[in-house]
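Novice: Here are the chains, one letter per residue:
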Amino acid sequence: MENLIDIKGVRHAYDTAAGKLPVLDGLEVSVKEGGFCAVVGPSGCGKSTLTRLIAGLMHPDEGEVWLHGEQVKGPRSTVGMAFQNPVLLEWRTILQNVMLPLEIVPGGLKGKAAVERAESLLALVGLEGFEDKRPSELSGGMRQRASLCRALVHQPDVLILDEPFGALDAFTREDLWQTMHEVKAKEPFTAVLITHDLRESIFLGDQVVVLSGRPARTQYVMEITRDGPPKLDDLYTPEASERLATLRHQIEIAQGRAEEGVSA
Amino acid sequence: MTGTLRKILVPTAAMIIFLILWEALVWVMGWPNYKMASPSDLIPAYERYWELFLIMGWQTLWRTVLGLLLAIIVGTAIGMIMGFSRTMRDALYPLLVGFNAIPKATVVPIVALMFVGAHDFNTVLIAFMISFFPIAVSVSIGLSTLEPEYRDILRSLGASQTTIFWKIALPKTLPEFFGALKVSVTLAFIGTNLMEIVSPHGRGLGALFDSGKTNSDYPLMFAVLIALALLGIVLYYVVVALEKVFAGWAERQPG
Ligand SMILES: Nc1ncnc2c1ncn2[C@@H]1O[C@H](COP(=O)(O)OP(=O)(O)OP(=O)(O)O)[C@@H](O)[C@H]1O
Ligand SMILES: [Mg+2]
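Read top to bottom, the protein sequences are chains A and B.
Going by this note's numbering, the first sequence opens with residue 138, and the numbers climb by one from there.
Going by this note's numbering, the second sequence opens with residue 629, and the numbers climb by one from there.
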């Protein structure tokens, strides 16, 4: 199958007061159409920078980012983004927040069709009846659900999630993981998820990419195969423990605490 | 007591109590009206000059509002320039602070000399100069502290800077903008009166105050002060009402 996202030999350094700060160094990531790529790595290694590159919000110093067989030169309306901070607009209702991208993208749904699309997404994530509420009237988990709807409303090919569940408590987070699978079953998209939570990465991803410490390169890739619909219980099988242990070990290497080749 | 009734009754009662205390103070101290006029001295002043109060009050009002409108337009423009460009912010900020630090009382005679006789123009100019600073600062801070994620949400969809400004940056800045506008409306009002008092043969409540002074009509001077206070209250609450309409969402629901 064709790769929907291809990141080839990407290098990038930020200009800072203290000089050049190399952040990405020879990054290689490929995600096939409909794939779900979870990216983990040490804090500050360059994960958010990676999302900004895929979204076309910035250009790499070296290397190429390809979406759908086209090189990314700038932002494109076929991308949806959600962050740790749900950044909902307080002066809009939840429904109006979700409809925001439709006002921007060329050929976006208008009027009644836009309302229906937003309402159906809100219902899908369990926010039926909250359409007319203000963001401040919702809990953190609900706001993140609304933010997810906004990222999906214009039917993007690529969904970029930068630690969207990072600020939520463990139970709310697990609820949202399941919502994520439900949404994925109804809305086709290819996802890149940045996370700090290894369990989240193996529960949601069909591919887990471990980045090295800064400057980040692709250190390790784990393919996840799943038979049947995903269940939270799957996280407590011996197979899952083994995957988590492997990833844990890779993170320690990335943090420079373990040497490659030495067993965990 | 219902909410709205309470909102009217409580301030009214406070004002009546204030007037009674004032009257009592003047009476107890036995002050003559050239030292301190009492509320009962003011009623004849309003009766004699009510027509003048209306004409002059209108003068002061429209000059203040015009100066404030200019301050909003120019202040917002400067704020936008400083909010979007770091370089412009670094360049303009010290200039603005310096300009704002000059006591406007010293600028008033200079402007009065520069444009002799152009009363309306002078007054509006001073009202504008004294009141645009808070607006410029609040808009620039509002724009420059916009979290990058807000921008990215729209930018990743290919939205232009203009779209981002109208859809996100502007509405998000409105609460700060109205906070500054409440300061500016009072400042503009002070500016107008400074100029009106200084201009010879000028118009407006400030000029009426000045004529009270030259004619040693002390109750008239106090009557002007009270009229100014009333006008100031009206202007302020107009801004508060506008804030409710345009930035009411920023108000936290109690409880
Ligand atoms: N615009 C910028 N200018 C200069 N340095 C930056 C900029 N953005 C990020 N950095 C630096 O680059 C490094 C990587 O940043 P990035 O946000 O991509 O990391 P991250 O892996 O997402 O971190 P976290 O785990 O904290 O989310 C960090 O050290 C950060 O301080
Ligand atoms: Mg990050």
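Misleading hints may appear alongside valid ones.
[To be verified] Taking lysine to any residue pairs in the SDA-like style, the calculated list, with each CA pair at most 20 Å apart, reads:
hint	chain 1	residue 1	chain 2	residue 2
1	A	Lys-270	B	Pro-799
2	A	Lys-247	B	Lys-795
3	A	Lys-249	A	Leu-261
4	A	Lys-210	B	Ser-788
5	A	Lys-247	B	Pro-660
6	B	Lys-795	A	Arg-213
7	A	Lys-270	B	Ser-788
Calculated directly from the structure, the hints in this document are not laboratory data.
Novice: Hint by hint, say whether it matches the structure.
Specialist: Results for each hint:
At most 20 Å may separate the alpha-carbon atoms for a hinted pair to count; Lys-270 (chain A) and Pro-799 (chain B) meet this at roughly 18 Å. Between Lys-247 (chain A) and Lys-795 (chain B), the direct Cα distance comes to roughly 17 Å. Compliance with the 20 Å bound is thereby established for this hinted pair. A hinted pair counts as satisfied when its Cα atoms are at most 20 Å apart, and Lys-249 (chain A) with Leu-261 (chain A) qualifies at roughly 18 Å. For the given pair, Lys-210 (chain A) sits about 16 Å from Ser-788 (chain B) by alpha-carbon distance, which is consistent with the 20 Å threshold.
Taken as a hint, the Lys-247 (chain A) and Pro-660 (chain B) pair is broken in the structure, with Cα atoms around 73 Å apart against an allowance of 20 Å. Distance check on the hinted pair: Lys-795 (chain B) and Arg-213 (chain A) sit about 18 Å apart at the alpha-carbon level, within 20 Å; holds. Annotation: proposed proximity of Lys-270 (chain A) to Ser-788 (chain B) is violated, straight-line Cα distance about 28 Å (limit 20 Å).
Checked against the numbered hints given earlier, this structure breaks hints 5, 7; the rest are met.
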